[in-house]
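*Asks:* Going by this note's numbering, the sequence shown opens with residue 23, and the numbers climb by one from there.
The set of hints was computed from the structure by calculation and includes no laboratory data.
Treat the hints with care, as some may be off.
Have a look at the derived ranges for each label pair, beta carbon to beta carbon [what the hints assert, rightly or not]:
hint, residue 1, residue 2, range
1, 268, 323, 42 to 50 Å
2, 40, 239, 39 to 47 Å
3, 343, 299, 17 to 25 Å
4, 298, 338, 18 to 26 Å
5, 121, 314, 14 to 22 Å
6, 282, 190, 29 to 37 Å
7, 295, 268, 50 to 58 Å
8, 228, 139, 13 to 21 Å
9, 284, 239, 45 to 53 Å
Below, simulated DSSO-like cross-link-like pairs (lysine-lysine); rule was C-alpha separation at most 27 Å, straight line [said to hold, decoys possible]:
hint, residue 1, residue 2
10, 155, 241
11, 117, 189
12, 117, 175
13, 74, 117
14, 240, 189
15, 189, 175
16, 117, 155
17, 71, 155
18, 175, 71
19, 155, 304
20, 117, 71
21, 264, 175
Beta carbons are placed, not taken as given, at the ideal position from N, Cα and C, and that holds for glycine.
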Amino acid sequence: MKASDGVGETPSVAKPRRNVRRILSIDGGGIRGLIPALFLAEIDRRLEKSGKGRPLASVFDLIAGTSTGALIGLGLALPESLPASGGLRDGLSQKPALSLGDIVDFYVRRGQEIFPPIAGGRIRATVHAFRYKYDGAGLERVLSETFGDATLKDGLTNLLITSFDTKELQPLCMKNRPWRFAWQDDLDFNMRDAARASTAAPTFFPPALVEPVPTNGKKYCLVDGSMFASNPSLHAYIEATKLFPDADEYQILSLGTGEQAEGFPYEEISNWGFFEWINPMKRLPLFSIMAAGQSESVNHMLRRITGARYLRVTTRLEGCSHEMDDASPANIQALRDIAERLIETNRELIESFVDEI
Numbered sequence: 023m024k025a026s027d028g029v030g031e032t033p034s035v036a037k038p039r040r041n042v043r044r045i046l047s048i049d050g051g052g053i054r055g056l057i058p059a060l061f062l063a064e065i066d067r068r069l070e071k072s073g074k075g076r077p078l079a080s081v082f083d084l085i086a087g088t089s090t091g092a093l094i095g096l097g098l099a100l101p102e103s104l105p106a107s108g109g110l111r112d113g114l115s116q117k118p119a120l121s122l123g124d125i126v127d128f129y130v131r132r133g134q135e136i137f138p139p140i141a142g143g144r145i146r147a148t149v150h151a152f153r154y155k156y157d158g159a160g161l162e163r164v165l166s167e168t169f170g171d172a173t174l175k176d177g178l179t180n181l182l183i184t185s186f187d188t189k190e191l192q193p194l195c196m197k198n199r200p201w202r203f204a205w206q207d208d209l210d211f212n213m214r215d216a217a218r219a220s221t222a223a224p225t226f227f228p229p230a231l232v233e234p235v236p237t238n239g240k241k242y243c244l245v246d247g248s249m250f251a252s253n254p255s256l257h258a259y260i261e262a263t264k265l266f267p268d269a270d271e272y273q274i275l276s277l278g279t280g281e282q283a284e285g286f287p288y289e290e291i292s293n294w295g296f297f298e299w300i301n302p303m304k305r306l307p308l309f310s311i312m313a314a315g316q317s318e319s320v321n322h323m324l325r326r327i328t329g330a331r332y333l334r335v336t337t338r339l340e341g342c343s344h345e346m347d348d349a350s351p352a353n354i355q356a357l358r359d360i361a362e363r364l365i366e367t368n369r370e371l372i373e374s375f376v377d378e379i
């Protein structure tokens with residue numbers, strides 16, 4: 023660098039601010055969504071303590087969620103108020119309707135409404151093999167009471183909510199993108215319907231039959247986004263490159279809902295038939311293996327993409343139920359304990375993340 027005015031002094035030149043886009047991605051996992059909810063609550067607490075407190079919807083340029091992750095993502099983006107009928111969305115309140123405490127309470131207080139206790143052990147497993155475990159009425163009631171008439175386009179940030187269209191046999195990612203980025207064929211959905219679709223886990227809940235807002239005369243038969251994206255981070259990254267092509271870096275905070283502590287050794291599976299592979303009493307092996315494989319593939323790819331800083335946070339499910347629908351008080355406490363350990367293990371990551379905001 024040349025000297026200034028010939029006196030040997032180097033002028034002070036401010037470094038250009040890097041264009042970093044932050045992405046939040048949250049896995050599926052049923053009641054285990056309490057783990058990432060508590061992790062985000064800790065980030066929120068640290069932001070407040072550091073004097074940087076603001077809604078997480080304004081911290082992240084894009085929030086992606088699958089299944090229970092979709093519930094959290096939509097909860098973060100739900101606005102406090104909606105525009106009057108026919109009003110401009112620019113007048114929308116920028117305050118979120120739910121705090122992180124509210125989202126945590128969603129799992130703690132209403133988990134058993136979504137997953138009502140069913141007695142029976144093996145009898146329950148047998149019934150589960152022939153019909154959906156839950157009729158979805160409790161889930162739909164909770165979603166309706168939580169999200170009301172808000173739609174994805176009311177969201178406080180960009181959204182990507184995963185689901186799978188069983189009629190067309192292809193993924194359907196429901197999105198909120200500002201008008202200047204939106205594709206003309208983007209469909210808007212009620213948040214409650216997007217959440218219902220993304221959480222429609224086969225064998226647990228019936229599929230969701232939903233239509234966009236405004237209706238286009240077509241209804242979509244949708245099931246859980248975990249069918250193709252148990253970890254939606256890669257889809258979120260691709261979406262972010264479309265929305266923000268000039269970004270210098272895409273920082274992806276990817277939150278898991280816990281990994282099974284035990285796999286399926288040869289001695290256990292070598293003589294299995296069809297039923298064993300889908301047996302809920304054995305942790306739905308076929309689905310569990312597919313979900314784990316998809317998630318690990320995403321981890322592998324994102325750690326090797328130039329320009330993506332991938333922060334993956336998850337842990338082993340030790341000391342708790344592996345069932346995604348165990349909303350018992352004992353399991354809720356066990357999940358709290360796991361979240362506390364996860365926060366402690368990642369304290370340095372949390373501090374660094376907050377410092378950079």
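*Asks:* Decide, hint by hint, whether the structure agrees.
*Replies:* Structure-based check of all given hints:
| no. | hint | result |
| --- | --- | --- |
| 1 | 268 with 323: 42 to 50 Å | violated, 22 Å |
| 2 | 40 with 239: 39 to 47 Å | holds, 46 Å |
| 3 | 343 with 299: 17 to 25 Å | holds, 21 Å |
| 4 | 298 with 338: 18 to 26 Å | holds, 24 Å |
| 5 | 121 with 314: 14 to 22 Å | violated, 32 Å |
| 6 | 282 with 190: 29 to 37 Å | holds, 31 Å |
| 7 | 295 with 268: 50 to 58 Å | holds, 54 Å |
| 8 | 228 with 139: 13 to 21 Å | holds, 20 Å |
| 9 | 284 with 239: 45 to 53 Å | holds, 48 Å |
| 10 | 155 with 241 | holds, 24 Å |
| 11 | 117 with 189 | violated, 38 Å |
| 12 | 117 with 175 | holds, 15 Å |
| 13 | 74 with 117 | holds, 16 Å |
| 14 | 240 with 189 | holds, 12 Å |
| 15 | 189 with 175 | holds, 25 Å |
| 16 | 117 with 155 | violated, 37 Å |
| 17 | 71 with 155 | violated, 43 Å |
| 18 | 175 with 71 | violated, 31 Å |
| 19 | 155 with 304 | holds, 15 Å |
| 20 | 117 with 71 | holds, 19 Å |
| 21 | 264 with 175 | holds, 18 Å |
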